[in-house]
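Residues per chain, in single letters:
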Amino acid sequence: MTAETAPDHNSHTHWFLIGMRGLFSLPAIILMLSFVGFAAFTAEAKIPVGQVMFMTGMVWALPAKVILVGSMLSGAHIATAFLAVTLSSVRMMPMVAALIPEIRTSRTPTWLLLIVSHFVAITAWVFAMEHVRDVPRYGRVAFFAGFGITLTLTNIVLVGLVYGAVSEFPPIVSGCLFFLTPVYFLTSIWISARHRVIYWALGIGLAFGYLFAVIAPEYDILLTGIIGGTLAWLGERMLRQREGKR
Amino acid sequence: MSFEGPWPYIYIAIAGWLATDFWRWSGVIAGNRIDEKSEVLNWVRAVATALVAAVIAKLIFFPTGTLESSPLWLRLGAVLAGALFFFFGGRFRQILGIAAAIAFLAAGLAIIGA
Numbered sequence: 217m218t219a220e221t222a223p224d225h226n227s228h229t230h231w232f233l234i235g236m237r238g239l240f241s242l243p244a245i246i247l248m249l250s251f252v253g254f255a256a257f258t259a260e261a262k263i264p265v266g267q268v269m270f271m272t273g274m275v276w277a278l279p280a281k282v283i284l285v286g287s288m289l290s291g292a293h294i295a296t297a298f299l300a301v302t303l304s305s306v307r308m309m310p311m312v313a314a315l316i317p318e319i320r321t322s323r324t325p326t327w328l329l330l331i332v333s334h335f336v337a338i339t340a341w342v343f344a345m346e347h348v349r350d351v352p353r354y355g356r357v358a359f360f361a362g363f364g365i366t367l368t369l370t371n372i373v374l375v376g377l378v379y380g381a382v383s384e385f386p387p388i389v390s391g392c393l394f395f396l397t398p399v400y401f402l403t404s405i406w407i408s409a410r411h412r413v414i415y416w417a418l419g420i421g422l423a424f425g426y427l428f429a430v431i432a433p434e435y436d437i438l439l440t441g442i443i444g445g446t447l448a449w450l451g452e453r454m455l456r457q458r459e460g461k462r
Numbered sequence: 527m528s529f530e531g532p533w534p535y536i537y538i539a540i541a542g543w544l545a546t547d548f549w550r551w552s553g554v555i556a557g558n559r560i561d562e563k564s565e566v567l568n569w570v571r572a573v574a575t576a577l578v579a580a581v582i583a584k585l586i587f588f589p590t591g592t593l594e595s596s597p598l599w600l601r602l603g604a605v606l607a608g609a610l611f612f613f614f615g616g617r618f619r620q621i622l623g624i625a626a627a628i629a630f631l632a633a634g635l636a637i638i639g640a
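Quick note, the sequences are listed as chains P and R, same order. So in my numbering, the last one in the first sequence is 462, and the numbering has no gaps at all. So in my numbering, the last one in the second sequence is 640, and the numbering has no gaps at all.
In case anyone wonders, no lab produced these hints; they're calculated from the structure. Some hints could be false.
[To be verified] Subject to a maximum C-alpha distance of 20 Å in a straight line, what follows is the list of computed EDC-like cross-link-like pairs (lysine to aspartate or glutamate):
1. P/K262 <-> R/E565
2. R/K563 <-> P/E434
3. R/K563 <-> P/E260
4. R/K563 <-> P/E459
5. P/K461 <-> R/E530
6. R/K563 <-> P/E318
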């Protein structure tokens, strides 16, 4: 991302605006297509549009919202719904924990990071990990906030607008819309990897993701993350140490 | 449950918002203590990437909606076609890879008559 149009490269506003421009990027467009699908899903389930817009802003992460809607539809107790959503969202913690050291400076206040962290979901995370290296450190929080806040607000409005308009898509279209997300995530993680351990974690995570989905579908994401991620880290580190000795 | 009145909003705020932001805030607290050059961050990166990879694997192997009834070989073929264009695509590899995967899937769905 270049900044040739900007008058003042040193202001937070400048980097916030550059982040906003990320709305016209491939990942943002793919996410918006996914939200069109989500709007169709909730409209079919007859969840009132106000509640759909509210949860888009408050929950933001798409997988968590799908689980929340499922709980609402089945009439689950609020504690049961909380448990299901929270288990699906544990992944937020390492994602945010990996992002924070990349974007903060020694003077970034924690309250600001707590607010900005709300806009982390898979798409924003992948986008930020890919582009934040091109932004000077002092501008990174503003850059991420500009992207995350714009993307969230746009999708709240988008969901409200298309809710009444989308009927059922032809199966080929909805199938392709669905498949965009995993394919985009794969390419983006590969491109944004700056460390060899990322490739290892991606490969092992895909294999373990399948394995645990078969043998422990309730906790598959969590188990894959902790076991697969740790194995990837250990393996890569052993290789690194062996290379260091030579 | 009924979708009338304020209750659904309270339900969404507690079971949705608090249930997700709790982990984001924990991530901020944890991330604030991690040194950018430390081995711990490498581990956190690996775990975060493996978690996202698990979500990807689930979407590919166990999709919901229309693709649920599509054959696995078609979905894997689409990923393979995408990978081929991605690794030999040069400067535009990302968009080429994604386009190839989706084109392969769309063609397959059309042929088997989805």
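> Checking against the hints above, which ones are violated?
Replying inline: Hints 1, 2, 3, 5 contradicted; others consistent.
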